[in-house]
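Listed below are the residues making up each chain.
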Amino acid sequence: MKRPSIRDRLLVWITFVITLIMAVAGTLLYYSVKRSLYSQHDLLVNEAATLILIEVKARNGEVYHEWQTSLNSTSEKSTKSMIQVWDLKTGDSVKSPSLGEEDLERQYGEVGERIFYNVTLPNGVPGRAVGILTLPVKQGIDGNEGFLPEEHPQIFVWADSTEELRDVLIKTKRAFVAAGVAVIFVSAAAIWLIIYFLSLAVQSFSSDLLSREGTEIGEPIPVPDHLPSEVVGIAKKFNALLERIDHFREKDQDFFLNVAHEVRTPLAGVKAVIEQALRQPRKVEDYQKRLREALNATENLVRLINRLMEFGKLRNARESMVETTLSLDLLSENILEKLRGKATENRLRFDVSFCGKTEIDTDEELLSIVVNNLIENAINYAAPNTVIRIKTSNVDRIITFEIQNEHSNMETIPETLDVFFDPFYRADKARNFVKKNIGIGLSFCKEVMIMLGGEITATKSSDHSLCFTIRLPAKEHVSD
Amino acid sequence: MRILVLEDYPPLRRSIVECLAEEGYAVDSTDSGDEGLWFVRNHKYNVVLLDIMVPEVSGLEILKKLRSDQNPVPVIMISALDTVNQRIEGLESGADDYLVKPFSLDEMLARVRVQIRRGHEKKSPLITIGDLVIDTSKKNVQRAGKVIDLTRKEYLLLECLAFRNGEVLSREKIARQVYQDYEGGTSNVVDVYIGYLRKKLHSNDLPNLIHTKRGHGYLLSE
Numbered sequence: 001m002k003r004p005s006i007r008d009r010l011l012v013w014i015t016f017v018i019t020l021i022m023a024v025a026g027t028l029l030y031y032s033v034k035r036s037l038y039s040q041h042d043l044l045v046n047e048a049a050t051l052i053l054i055e056v057k058a059r060n061g062e063v064y065h066e067w068q069t070s071l072n073s074t075s076e077k078s079t080k081s082m083i084q085v086w087d088l089k090t091g092d093s094v095k096s097p098s099l100g101e102e103d104l105e106r107q108y109g110e111v112g113e114r115i116f117y118n119v120t121l122p123n124g125v126p127g128r129a130v131g132i133l134t135l136p137v138k139q140g141i142d143g144n145e146g147f148l149p150e151e152h153p154q155i156f157v158w159a160d161s162t163e164e165l166r167d168v169l170i171k172t173k174r175a176f177v178a179a180g181v182a183v184i185f186v187s188a189a190a191i192w193l194i195i196y197f198l199s200l201a202v203q204s205f206s207s208d209l210l211s212r213e214g215t216e217i218g219e220p221i222p223v224p225d226h227l228p229s230e231v232v233g234i235a236k237k238f239n240a241l242l243e244r245i246d247h248f249r250e251k252d253q254d255f256f257l258n259v260a261h262e263v264r265t266p267l268a269g270v271k272a273v274i275e276q277a278l279r280q281p282r283k284v285e286d287y288q289k290r291l292r293e294a295l296n297a298t299e300n301l302v303r304l305i306n307r308l309m310e311f312g313k314l315r316n317a318r319e320s321m322v323e324t325t326l327s328l329d330l331l332s333e334n335i336l337e338k339l340r341g342k343a344t345e346n347r348l349r350f351d352v353s354f355c356g357k358t359e360i361d362t363d364e365e366l367l368s369i370v371v372n373n374l375i376e377n378a379i380n381y382a383a384p385n386t387v388i389r390i391k392t393s394n395v396d397r398i399i400t401f402e403i404q405n406e407h408s409n410m411e412t413i414p415e416t417l418d419v420f421f422d423p424f425y426r427a428d429k430a431r432n433f434v435k436k437n438i439g440i441g442l443s444f445c446k447e448v449m450i451m452l453g454g455e456i457t458a459t460k461s462s463d464h465s466l467c468f469t470i471r472l473p474a475k476e477h478v479s480d
Numbered sequence: 481m482r483i484l485v486l487e488d489y490p491p492l493r494r495s496i497v498e499c500l501a502e503e504g505y506a507v508d509s510t511d512s513g514d515e516g517l518w519f520v521r522n523h524k525y526n527v528v529l530l531d532i533m534v535p536e537v538s539g540l541e542i543l544k545k546l547r548s549d550q551n552p553v554p555v556i557m558i559s560a561l562d563t564v565n566q567r568i569e570g571l572e573s574g575a576d577d578y579l580v581k582p583f584s585l586d587e588m589l590a591r592v593r594v595q596i597r598r599g600h601e602k603k604s605p606l607i608t609i610g611d612l613v614i615d616t617s618k619k620n621v622q623r624a625g626k627v628i629d630l631t632r633k634e635y636l637l638l639e640c641l642a643f644r645n646g647e648v649l650s651r652e653k654i655a656r657q658v659y660q661d662y663e664g665g666t667s668n669v670v671d672v673y674i675g676y677l678r679k680k681l682h683s684n685d686l687p688n689l690i691h692t693k694r695g696h697g698y699l700l701s702e
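These protein sequences, in sequence, are chains A and B. Heads up: the first sequence begins at 1 in the working numbering, then just goes up one per residue. Heads up: the second sequence begins at 481 in the working numbering, then just goes up one per residue.
If we strip away everything but chain B, and leave its shape as in the complex, we get (with noise of 0.2 Å):
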């Protein structure tokens, strides 16, 4: 899950991005409107945080113009700005959720998660496919009843995978989605992930979930 960071104040910037980067979400980061415009528009996130007041191009302008863009990436706007005339400004420039400052990281990760779900249509927080379960808000996964213990870069893995059930992806899609720092490449990364994840979902000769599709990539499905 890629997500990008907009805000000016350093101190506030530096701590959003290493909470949501602590949390396994490959995170962008600006505090330029020109360059955070300039990153929404050339790369694929799955939530944008945006400030209402940074400078050169102000976040009600980015939000406005990416919409008009036809860009759905879904935005949660920061803003010290809480009037209700403020928010409804907010919402009604196509913002999809309003954080008033100062927030607790805690309420924003919900609110990142809630969007993540959104955007892919999922109202529940537990994806069910077959006889896996995963709850997406406790990051809990369970195979036929029973709960298999993942590491955050495996769970990733499969939320990213289940997130598109039976929709094939890309090793390189899986990579940006999953990955901090993937500049694109050779790497095998995704594969040796998959690699673990097969081992810990189809053990006790339950049938497999992850499927390869030779040529293309990788997609859950029963």
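Only chain A is shown next, with the shape it has when bound in the complex (with noise of 0.2 Å):
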């Protein structure tokens, strides 16, 4: 699928703005000059319409149409002025000879009001026109008692032909027409030069990127001064991508590590016994001894093994977790029991508080693994004769399972407590083989937690004493 180029969208798009401005603008400006000029020969025509005006008169008590004999003394007038008036009274009309048989069309308002107005003249060419309702004025007294001008209205039109301003408009028309495409095309190309030169420093930016080798993960990409701030962001976003890449990986790497050690000291062991049985002959008895020693160390790795292999699986599980409704508090009351008795060679003591509201529903399998580490760890190093605080809650429908040693053996407890979840972190920095701790206990913890949809805290209470929490969302009905 091919990618749309932003470069290629900003071009289209601003190059879209701008065109669409340019249009309304230039209609804007188009109908603004055109209403300009109408205005200027509406003028014009209503200086000549109102001149005219005053020649319809009364004269002897009839109304007389003096403009008549003035227009054809006046040869131009004749031929482009044309008017026309009729008499509202009797029907009859008067009109200029250049409308021939024609007639104009006639709007007019109240007396005195210009009404324009755009016609067609008879020779079939665009013009102007005013309607005027006025009254005849009288010319003297004699032979005009008796006469009302009111009752003798008379519409008064006078049309001129527009095809001049139509000419002027047209051409005005082209111009703006011609210089918004050549605005446009200029803009365009103005655009596509700026976007060219401003991606360049991203497009550099870009083939460094590209030119990495994949072993170079860990390093940063240099972020070049002329990148623009935008992209500056992206690139510090990247370069704290990588550091995470590359923490995981040392962490991968770290693991991987420690698995090899791991399997090294059982398997040394194992290699041992057998060269040292065959070193000399030995009595059957004693062949059988180091057989035994050879398949306890066997053992050793195998339950190790099997443990990197469950802890492999995990992630992967999440389609075979059985999720069944169980009280966190009856779970751990179970597991306290199994491990009471070791707890008693250890001189421990444990001081219980569960909440009785702890029904959760979660897989009973994953979670008993998690609870019997944190149980199993907590004996481990806990220092003799000392308590060991287990406490359930159930606050806004999180139910938290706390265990807490009254007082640690560790030697120091680490600032950065989430060096706990690491796997093969040990709390005594050399491995302790007497007590069988793989120490991936609570990395696996971590990942169970995780796929249970909780989490799982390590927080120290003080110099000595360390408090491991795992909160877990209730079941739905249950109530605070």
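No lab work stands behind these hints: they were computed from the structure. Ideal Cβ placement from N, Cα and C applies to all residues, glycine included. Possibly wrong hints are sitting among the right ones.
As the list claims (entries may be wrong) - Derived pair list, reagent style SDA-like, types lysine to any residue, alpha-carbon separation capped at 25 Å:
#, chain 1, residue 1, chain 2, residue 2
1, B, K618, A, R282
2, B, K633, A, L278
3, B, K618, B, N526
4, B, K633, A, I221
5, A, K283, B, E601
6, B, K618, A, Q280
7, A, K289, B, P490
8, A, K251, B, S650
9, A, K342, B, S701
10, B, K633, B, S701
11, A, K251, B, L561
12, A, K283, B, R632
13, A, K138, A, T69
14, A, K283, B, L589
15, A, K236, A, D246
16, B, K618, A, R279
17, A, K289, A, R264
18, A, K283, B, A501
19, A, K283, B, V564
20, B, K619, A, R279
21, B, K619, A, I221
22, A, K460, B, V537
23, B, K633, A, E275
24, B, K544, A, K236
25, A, K289, B, A501
26, A, K283, B, K633
27, A, K289, B, T563
28, A, K251, B, V564
29, B, K618, A, E275
30, A, K95, A, N46
31, A, K289, B, S701
32, A, K289, B, N526
33, A, K283, B, V537
34, B, K618, B, E601
35, A, K342, B, D511
36, B, K619, A, K289
37, A, K251, A, I221
Stated by the list, open to error - Residues of chain A placed beyond 10 Å of chain B at every Cβ, according to the derived structure:
#, residue
38, Y108
39, V263
40, G269
Take each chain as given, in its own frame, and dock them per the hints.
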């Protein structure tokens, strides 16, 4: 699939927006010019009409059209100006010779009001007309006695060709379109150049990225000074991502080194026992004793490998989870009972406080592994004659299980407690095969808790007291 | 020759100890870092086999403490950690050699012998005193070109004297180096074995090489 290019999109969209602006602005400007030209034309028509209008007079008690005489005396007016006057009382009309047999379209308002409108002149060209409702002007007194102008309203229409105006407007429109197209092309070219030069830094940065070798993951990408600020953010985030990948790679590397180490020691034991058995002839019982020792060492190795396999499978085990409703209190109590003997051997006492409302929907087997591990660790790392505190609670629909050593036998509790969940981390820096501590228990617990949708944390209560907490959502219908 | 083995994995520790003992070395062993440090600070060893990851005090910490105490005992680190950096860390902490698990017991013995020789500033496995030639790698003894058959204890006694050629060694010092369970006291076991050695070395009217310094002990010289 072809990915859209930001550069192309910017170019298209900015050009589109400029075109739109130019079109709207050009149209507005064109109509503004048109309106202005027409206004000017109307003004001239009005002035001419006003002059002619006073030539509709009342003489000898009749309406007399003096303008006809003046019109005939001016040849230009007779050809260009078209005038028609209707007597509303009689319905008769008088018109200029240029109209011939044709009539003008008439529109009018109140007396004296000017109504301007477009018309098509008898010769087929467009024109502009003004319609005025007027009353004849009485001229002299004789013969006009009893003549009331209000009883003889006249509709006066003056029309003139706007052909020249139309030509000017067509030229103006063409000029606007040409200017608009030129502006759009120049703008698009300028935008393309700006985007091209701006993207040079990004292109060079992306080339640097592509030229990196797979082995250079740990090294951050140098961020050039000329890189745009928007891309600097991405570059920094990318560097942060590289750092995280490197961190996880290191953790993976440590994990495999640790696995190799943990496997090698029992393997060295098996090898040494067999080699030593074969160094000289021995009695059958002696051989049997050595073979048993080698077998025990092999079983340790198998136990370790099984645990590692479980650890590896855990991430893909979500599908095989079996969810049941169980009480965390009850589950903890059962595990406590199993481990009570070991605690008594170490002269330890449990101080248990169960809240009684710890029903959850979860995989019992997996949660048992976590609780068992935490209690067993607490026993292994508790100083003799001390108390291990276990507490459950249900607050805001979150079930919490806390286990705390009153006094740990660890020499020092590390400042960063997250290391407890690193595979093969051991509380005492050196390994202790005597305690059969593999060192992946807490790491395993963390993986399980992630799968169960909960969390596990470690907190330091004092210099010698450590508390592990697991949290899981309560069963749906359980209220606090 | 007394050796200390500090390794916490019981099957491996037991096999190493037994192998060294069968080779005639006096061996002390422990699985605890604290105890190992106490042993090495309070006894004289010819070689220490030190696992890096042991409980309580790690092998590297023990090694650093020993070197800061100016204790020159040759130390062979035993570890499953085999990256170059880890080996460098071990060697730079003052180890004389580095053995990666799993290892062959024969290789371990060879490296122990190298360290013992180095401890006595002997570069060659051959020790020559007059017409006496001892091959410490093959545990073979010849005098005037003739092979002399010695028991394991007789050989260890001779090797102990030969490494300190010309130096008077007290009976107690000899006993501690040669006998696994020597706890001190007045046993004349050293005198008895010196007698056996003399008989085998001084036959055919060859000159005496083992001399007695009354009230002090024995020395081997021309």
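These are the hints, each one checked on the structure:
For a cut-off of 25 Å, the pair hint linking K618 of chain B to R282 of chain A stands: about 23 Å separates their Cα positions. A C-alpha spacing of about 22 Å is found between K633 of chain B and L278 of chain A, which places the hinted pair at or below 25 Å, so the restraint holds. With a CA separation close to 19 Å, the supplied pair K618 of chain B and N526 of chain B stays within the 25 Å bound. Simply put, K633 of chain B and I221 of chain A have alpha-carbon atoms about 68 Å apart, too far for the 25 Å limit, and the pair is violated.
A C-alpha spacing of about 40 Å is found between K283 of chain A and E601 of chain B, which places the hinted pair above 25 Å, so the restraint is violated. Using a Cα cut-off of 25 Å, the hinted pair K618 of chain B and Q280 of chain A holds, with the two alpha carbons roughly 17 Å apart. Pair hint K289 of chain A plus P490 of chain B holds up; C-alpha atoms about 14 Å apart against a cutoff of 25 Å. Distance restraint check for K251 of chain A and S650 of chain B: the Cα-Cα separation of roughly 56 Å exceeds the 25 Å cut-off, and the hinted pair is therefore not satisfied.
Restraint check: the Cα-Cα separation between K342 of chain A and S701 of chain B comes to about 62 Å, which exceeds 25 Å; the hinted pair is violated. With a CA separation close to 20 Å, the supplied pair K633 of chain B and S701 of chain B stays within the 25 Å bound. Restraint check for K251 of chain A and L561 of chain B: the C-alpha separation of about 16 Å stays at or below 25 Å, so the hint holds. Restraint check for K283 of chain A and R632 of chain B: the C-alpha separation of about 21 Å stays at or below 25 Å, so the hint holds.
A distance of roughly 18 Å separates the Cα atoms of K138 of chain A and T69 of chain A; the hinted pair therefore holds under the 25 Å criterion. Proximity of K283 of chain A to L589 of chain B is assessed by CA-CA distance (about 24 Å); at most 25 Å being required, the pair is judged to hold. For the proposed pair K236 of chain A and D246 of chain A, the alpha carbon gap of about 15 Å is at most 25 Å, so the pair holds. With a C-alpha separation of about 16 Å, the suggested pair K618 of chain B and R279 of chain A falls inside the 25 Å cut-off, and the hint holds.
A C-alpha spacing of about 22 Å is found between K289 of chain A and R264 of chain A, which places the hinted pair at or below 25 Å, so the restraint holds. Of the supplied pair hints, the one linking K283 of chain A and A501 of chain B holds, its CA atoms being roughly 18 Å apart against a limit of 25 Å. A hinted pair counts as satisfied when its Cα atoms are at most 25 Å apart, and K283 of chain A with V564 of chain B does not qualify at roughly 42 Å. Taking the CA atoms of K619 of chain B and R279 of chain A, the gap is near 17 Å; set against the 25 Å cutoff, the hint holds.
A threshold of 25 Å between alpha carbons decides the hint, and for K619 of chain B with I221 of chain A the separation of about 62 Å lies outside it, so the pair is violated. With a C-alpha separation of about 23 Å, the suggested pairing of K460 of chain A with V537 of chain B holds against the 25 Å cut-off. A hinted pair counts as satisfied when its Cα atoms are at most 25 Å apart, and K633 of chain B with E275 of chain A qualifies at roughly 23 Å. For a cut-off of 25 Å, the pair hint linking K544 of chain B to K236 of chain A is broken: about 42 Å separates their Cα positions.
Distance restraint check for K289 of chain A and A501 of chain B: the Cα-Cα separation of roughly 18 Å lies within the 25 Å cut-off, and the hinted pair is therefore satisfied. Pair hint K283 of chain A plus K633 of chain B holds up; C-alpha atoms about 23 Å apart against a cutoff of 25 Å. Simply put, K289 of chain A and T563 of chain B have alpha-carbon atoms about 35 Å apart, too far for the 25 Å limit, and the pair is violated. With a C-alpha separation of about 18 Å, the suggested pair K251 of chain A and V564 of chain B falls inside the 25 Å cut-off, and the hint holds.
Of the supplied pair hints, the one linking K618 of chain B and E275 of chain A holds, its CA atoms being roughly 20 Å apart against a limit of 25 Å. With a CA separation close to 18 Å, the supplied pair K95 of chain A and N46 of chain A stays within the 25 Å bound. Straight-line distance between C-alpha atoms of K289 of chain A and S701 of chain B comes to about 46 Å, which puts the hinted pair past the 25 Å bound. Restraint check for K289 of chain A and N526 of chain B: the C-alpha separation of about 31 Å exceeds 25 Å, so the hint is violated.
Proximity of K283 of chain A to V537 of chain B is assessed by CA-CA distance (about 38 Å); at most 25 Å being required, the pair is judged violated. Distance restraint check for K618 of chain B and E601 of chain B: the Cα-Cα separation of roughly 19 Å lies within the 25 Å cut-off, and the hinted pair is therefore satisfied. Distance check on the hinted pair: K342 of chain A and D511 of chain B sit about 22 Å apart at the alpha-carbon level, within 25 Å; holds. Annotation: proposed proximity of K619 of chain B to K289 of chain A is violated, straight-line Cα distance about 30 Å (limit 25 Å).
Between K251 of chain A and I221 of chain A the alpha-carbon distance is near 22 Å, which keeps this suggested pair within the 25 Å criterion. With 10 Å as the threshold on Cβ separation, the claim that Y108 of chain A sits away from chain B holds: the shortest Cβ distance comes to roughly 107 Å. Some Cβ of chain B comes within 10 Å of the Cβ of V263 of chain A; the nearest lies about 8 Å off, and the non-interface call is violated. Not every C-beta of chain B lies more than 10 Å from that of G269 of chain A, the closest at about 4 Å, which undercuts listing it as non-interface.
Consistency note: the structure conflicts with the earlier hints numbered 4, 5, 8, 9, 19, 21, 24, 27, 31, 32, 33, 36, 39, 40.
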